[in-house]
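Asks: The residues making up each chain are set out below.
Number of protein chains: 2
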Amino acid sequence: MRATRFLNACRGEPVDCTPVWLMRQAGRYLPEYRKLRSGRTFLELCRDPALAAEVTLQPIERLEVDAAILFSDILVIFDGLGIPLEFVPGQGPVISKPLRCAADISALRTFVPEEHTPYVLETIRLVRRELDGQVPLIGFAGAPLTLAAYAVEGGTSKNFTHLKRMMFAQPDVFKDLMAHLARAVSSHLRAQAEAGAQALQLFDTWAGILAPEDYARHVMPFSCAILASLRDLEVPLIHYANGAAALLTELGRLGADVLGIDWRIGLRRVVEALGPDVVLQGNLEPSVLYASEEYIESRVADVLAEGATARGHIFNLGHGVHPDIDPGRVRAMVDAVHRLSAST
Amino acid sequence: MRATRFLNACRGEPVDCTPVWLMRQAGRYLPEYRKLRSGRTFLELCRDPALAAEVTLQPIERLEVDAAILFSDILVIFDGLGIPLEFVPGQGPVISKPLRCAADISALRTFVPEEHTPYVLETIRLVRRELDGQVPLIGFAGAPLTLAAYAVEGGTSKNFTHLKRMMFAQPDVFKDLMAHLARAVSSHLRAQAEAGAQALQLFDTWAGILAPEDYARHVMPFSCAILASLRDLEVPLIHYANGAAALLTELGRLGADVLGIDWRIGLRRVVEALGPDVVLQGNLEPSVLYASEEYIESRVADVLAEGATARGHIFNLGHGVHPDIDPGRVRAMVDAVHRLSAST
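Sequence order for the protein chains is R and B.
Here the first sequence is numbered in our numbering, starting from 1 and rising by one per residue.
Here the second sequence is numbered in our numbering, starting from 1001 and rising by one per residue.
In isolation and in its complexed conformation, chain R is listed as follows (with noise of 0.2 Å):
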């Protein structure tokens, strides 16, 4: 049942309980994930294969969640574009050339998955052996329009203004860089299925930052391309958009097979704008596990009572689980999913 639960909810098929898996479910809130991080970099993490593996499998049975995600980071590609990359501790990652112009762009180079990120296949293929059918494994990449986010500012940003100034006084610029980017996710996307991940998420972390007819113009052809060049893989592809409210009409046009949504709003509202046959993931407010398990657990029946309006529910934080959290919190949270939609 655990084996097939994530796969089979996500495409609307019936599960015997709601399926559960976190956004950054292997990470900082697990004392056995910093005891093998210290002394070590996060990209020497992700680019060590043995170890991203055990990072990634360290949830599977603590927090008995029904599908493991890949340990890895959406800007792994960047090296292979010609974009280097750092994560400086308590400031995340760092570009120290920034993209801003056309010959920027036209400098990027073509991301080959085998050359460039070999050590994510190879994780892959180790913790698929690992898992031997227990759970599914999910492979993910960063939408377009995030990665511009990230290699245009050169990190976070408050405001984004160097993004948008390209997006409106030099669209055709904005336009070469998101259609690079899409090239290089769709490939590294269909690596990572090849080499054995059994569902692909599409992350946009940054689609709320935009009006809607800026969302629809910009940045919607381009991950419709990526998830239409999926299409063949057969594989569920879920599209995880944060702050995106506002955004419904046009992510039920992207052609996911599950979308992923933000704790912002009620998954009852999304199925209002797109209809009850839409499979949604999501959308727990991550900052619920600071409360006592009681009130965890009446927000996880919430949740789910919203879930039940759409033909398939996948349950999940609207966003990653904070670093301070308590695992047994989580825990609790996975447990009350299971045990309240097993019994309605």
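Since the hints were derived computationally from the structure, they do not count as laboratory data.
Keep in mind that the hints are not guaranteed to be accurate.
[What the hints assert, rightly or not] With a Cα cut of at most 30 Å, we get these calculated BS3-like pairs of lysine-lysine:
1) B:K1097 / R:K158
2) B:K1158 / R:K175
3) B:K1097 / B:K1175
4) R:K158 / R:K97
5) R:K175 / R:K158
6) R:K158 / B:K1035
7) B:K1175 / B:K1158
8) R:K97 / B:K1097
9) R:K175 / R:K97
10) B:K1158 / R:K158
11) B:K1158 / B:K1097
12) B:K1175 / R:K158
13) R:K35 / B:K1158
Predicted model, so just to flag it, every value in this text is computed and none were measured.
Please arrange chain B on chain R, whose structure you already have, making use of the hints.
Replies: This is chain B only, laid out in the frame that chain R set:
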């Protein structure tokens, strides 16, 4: 006409053309502002009534906007409350001793406008005298959630985990903090109106970080109480929320005369959700001002068309003016608003 346009629109009464002002219209994108600011800290400028009045007036002639907004900051009340505040260049507001527990909240002082921010009231008196009825003056304050976010996080934040930890793990402490801030904001706004502010705007910059049910439970009662407490003043009350596309129903129940809307949701969608009786303010994507004047004009036309579906419309950006925007583009935008709305 210019003298009454903004206030008439706030009341949903007829206007000769759509009034326009901009959040952060007095600010760093103006060379005359940078000149005055040079050699002074931001708070020194806020606390000097003659200079703050001059800054408030700078955009009025240059841009031909239809309202002035007090040059000040939402955090000026912190000193009076006993929360030490600094503005660190490149970092923004920094609160060296953030509020984290019940004792921190009970140590807060009562905010007394005449005693703690007399310079705000004096600035308002000076501006009113200088304006001499040319355009009205808007006063403002931060909404309790946004103030609490700064006070608890200690500055700007990415995930607001300290704030949300308090909200979910210590809901009674959070409630006391919100109640204290709501009383302070109410006094602050009332004093501004009594000194001469002709409209009042409550800024909830961080409204969009919460799930609708958490906004409704933990935030809305306090914003409602502030607006209700000012109802006898007979000045228009504007509520601005950022990133609040999923909170429209709740915003409609706040009791504001005007709803300020960010750029991420079309005004037509707001009218569809709340009915045609609403008065809206907004909501051009601020980064559109990086584009050509021709393109800016086309986007102004779009916003005007959407705004025309409401009972009243005040044109504004969906957020503040970016510091690196060309003032010429801002003026072109203002002119386009007046020209296009007068001819329709």
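Asks: Output the numbers, in ascending order, of every earlier hint that fails for this structure.
Replies: 8
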